[in-house]
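Participant: Protein chains in written order, with our numbering: chain Y, 1 to 250; chain U, 1 to 268.
Worth flagging that the hints you see were computed from the coordinates, not collected in a lab. Remember, it's a predicted structure, so these values are computed and weren't measured experimentally. Glycine included, each C-beta is placed from N, C-alpha and C at the ideal position. No false leads were slipped in.
Below, simulated PhoX-like cross-link-like pairs (lysine-lysine); rule was C-alpha separation at most 20 Å, straight line:
hint, chain 1, residue 1, chain 2, residue 2
1, U, 91, Y, 9
2, Y, 244, U, 252
3, Y, 232, U, 252
4, Y, 29, Y, 62
5, U, 264, U, 252
6, Y, 58, Y, 32
7, Y, 58, U, 96
8, U, 225, U, 249
9, Y, 58, U, 91
10, U, 62, U, 39
11, U, 264, Y, 232
12, Y, 75, U, 96
13, Y, 164, Y, 205
14, Y, 39, Y, 29
15, U, 96, Y, 62
16, U, 249, Y, 244
17, Y, 29, Y, 75
18, U, 166, U, 264
19, U, 225, U, 164
20, U, 252, U, 225
21, Y, 137, Y, 205
22, Y, 32, Y, 75
23, U, 91, Y, 75
24, U, 171, U, 264
25, Y, 62, U, 91
26, Y, 176, Y, 186
27, Y, 186, Y, 164
28, Y, 75, Y, 58
29, U, 252, U, 166
Derived coverage of chain Y by chain U (criterion: at least 3 residues anywhere in the stretch with Cβ under 8 Å from a Cβ of chain U; other residues may be distant):
hint, segment
30, 63-73
31, 88-100
32, 109-119
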Amino acid sequence: MSEKEGIDKLFFELASESRLGILRQLQTKDLKMQEVARKLDLTDTESCRQLQRLSDAKLIEKRLDGKYSLTPYAKLVLEISSPLDFVSMFRDYFLAHDASFLPCEFRARFNELSLVQLSPVILETMNKVAVMLRNSKQRIDCTIEVGGDLHIQIMLQRLAEGLKVRWLIQESFLDKARAFLLSATKLPEIRVTPRIPLHLYLTEKEAACCLRNNEGTFDYSTFFGYDPAFLKWTNDLYNLEWQKARPWHP
Amino acid sequence: MENDDGLARLFFELASESRLGILRALQARALRMQEIAQKLDLTDTETCRQLQRLSEGQLIQKQPDGTYSMTQYGKLELELTSAQDFVHRNKDYFLKHDVFALPYEFVNRLGELSTGEFSRDTLGTLNRVRRMVYEAEEYIWVIADEVDSSHVEITNAKISEGLKLKFIMPKKLVQTVKFTPEMLLCPRCRKQIVEDEKAFKAKGCGYCERRQLEEICLSLFINEKTVCVSLRRIGDVMDYAAFFGQDEKFRKWSQDIFLHYWEKAERW
Numbered sequence: 001m002s003e004k005e006g007i008d009k010l011f012f013e014l015a016s017e018s019r020l021g022i023l024r025q026l027q028t029k030d031l032k033m034q035e036v037a038r039k040l041d042l043t044d045t046e047s048c049r050q051l052q053r054l055s056d057a058k059l060i061e062k063r064l065d066g067k068y069s070l071t072p073y074a075k076l077v078l079e080i081s082s083p084l085d086f087v088s089m090f091r092d093y094f095l096a097h098d099a100s101f102l103p104c105e106f107r108a109r110f111n112e113l114s115l116v117q118l119s120p121v122i123l124e125t126m127n128k129v130a131v132m133l134r135n136s137k138q139r140i141d142c143t144i145e146v147g148g149d150l151h152i153q154i155m156l157q158r159l160a161e162g163l164k165v166r167w168l169i170q171e172s173f174l175d176k177a178r179a180f181l182l183s184a185t186k187l188p189e190i191r192v193t194p195r196i197p198l199h200l201y202l203t204e205k206e207a208a209c210c211l212r213n214n215e216g217t218f219d220y221s222t223f224f225g226y227d228p229a230f231l232k233w234t235n236d237l238y239n240l241e242w243q244k245a246r247p248w249h250p
Numbered sequence: 001m002e003n004d005d006g007l008a009r010l011f012f013e014l015a016s017e018s019r020l021g022i023l024r025a026l027q028a029r030a031l032r033m034q035e036i037a038q039k040l041d042l043t044d045t046e047t048c049r050q051l052q053r054l055s056e057g058q059l060i061q062k063q064p065d066g067t068y069s070m071t072q073y074g075k076l077e078l079e080l081t082s083a084q085d086f087v088h089r090n091k092d093y094f095l096k097h098d099v100f101a102l103p104y105e106f107v108n109r110l111g112e113l114s115t116g117e118f119s120r121d122t123l124g125t126l127n128r129v130r131r132m133v134y135e136a137e138e139y140i141w142v143i144a145d146e147v148d149s150s151h152v153e154i155t156n157a158k159i160s161e162g163l164k165l166k167f168i169m170p171k172k173l174v175q176t177v178k179f180t181p182e183m184l185l186c187p188r189c190r191k192q193i194v195e196d197e198k199a200f201k202a203k204g205c206g207y208c209e210r211r212q213l214e215e216i217c218l219s220l221f222i223n224e225k226t227v228c229v230s231l232r233r234i235g236d237v238m239d240y241a242a243f244f245g246q247d248e249k250f251r252k253w254s255q256d257i258f259l260h261y262w263e264k265a266e267r268w
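Okay, chain Y solo, but in the shape it has when bound:
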């Protein structure tokens, strides 16, 4: 392990479409040189050369049966490259939005969002959130900064129907919250925070999240998803922000 071998060397190994392609193929199963060549549409010579490079970098190893397999190191490198992959897939989003408001461990876990869909249009987003709130059977957790009347009405209605509802609201919204809750028969569980770092809507089966843009406001360009990893990421983040906030009664 020479100190001299900088991280740029590792990036260089990964910076070729065919080498990265080989690693991704070997992620699913071990392959012989010819199989690698065929799958990636490479000549045998080229495939051989790239396999040699990857072996030298200890990313792959040749097994006794002649097949190549990933080393544990390579598996790890691919895994921790997936957050970078996610962020580069949504480059335009991350050029315009500010993830620095998130606790750093949630940025490192960005690949857990890899199955999400981005809804960039405000009205579409609003409608999707409304549907999500109406479809919930057990619970709704959300953050409120400005507060869309429609969503708040739906949540109060769902609350009256017996759902568990939690609101994490930004201080600036307190007066409006009081007004909304004046005629409510049941109150959601409410906590207050000086500034919410992002928008989250969560039910027991779906989630939506939206970051502040570079001007510090919300443009409602929102990620929607329902796979376990995304639900875990959003739940962990919501619960963390919830713990930091103070309880409030109107």
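Based on these hints, arrange chain U on the given structure of chain Y.
Facilitator: Relative to the frame of chain Y, chain U by itself:
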């Protein structure tokens, strides 16, 4: 292959010592082309070319005042490479140790360990851990599949002075080792911990809580100053090559993973 394109291209942007150097310099503050050239000891032509590349990749941008700065996207990607940096620097370790036994979110968060210091020598590690026992005053959290008997006496003494010990061990250790439950309990109040845990804690006395897990896949030793982390070798044994760390991120990763297992572990 479209996504691969994007990632391979990103890696290519990062695959040069001077481009990485430029990004790291711009992470601290926005700089002019000449300042960058000077800092990194590059020619103006070379600097210009690299700045052009990085701008095309939208990792950096030229501002109206003529300086270059990181884009939000660039900051984020550079931060995320700390995990690669850590894993690559410790390649030999990660060729032989099993990270994937950990919950996936902690694998993703490995970059938080990047300030850690690696100790590959068994005796060195054991000595440092022993020193950690001696220096602890407030608390010790441990995940281990073995008990170093030389720690028992000092730990007991510390507990009676107020140290709070949390210990997670595998079931097989609980069952097979002739491990008397008292040996890690508060010598003064050991009865109360069984009878009335709340009253016991309220006294402000030290205490020892132990929980058991079916299997453990890392060793962890945390006191209020330092953390020691080591992973299981592939093929199931624990060794004493370990990472020691003290900064906030390293501690956060370690405390979070301890609490993750603590929640899952059973009381005796």
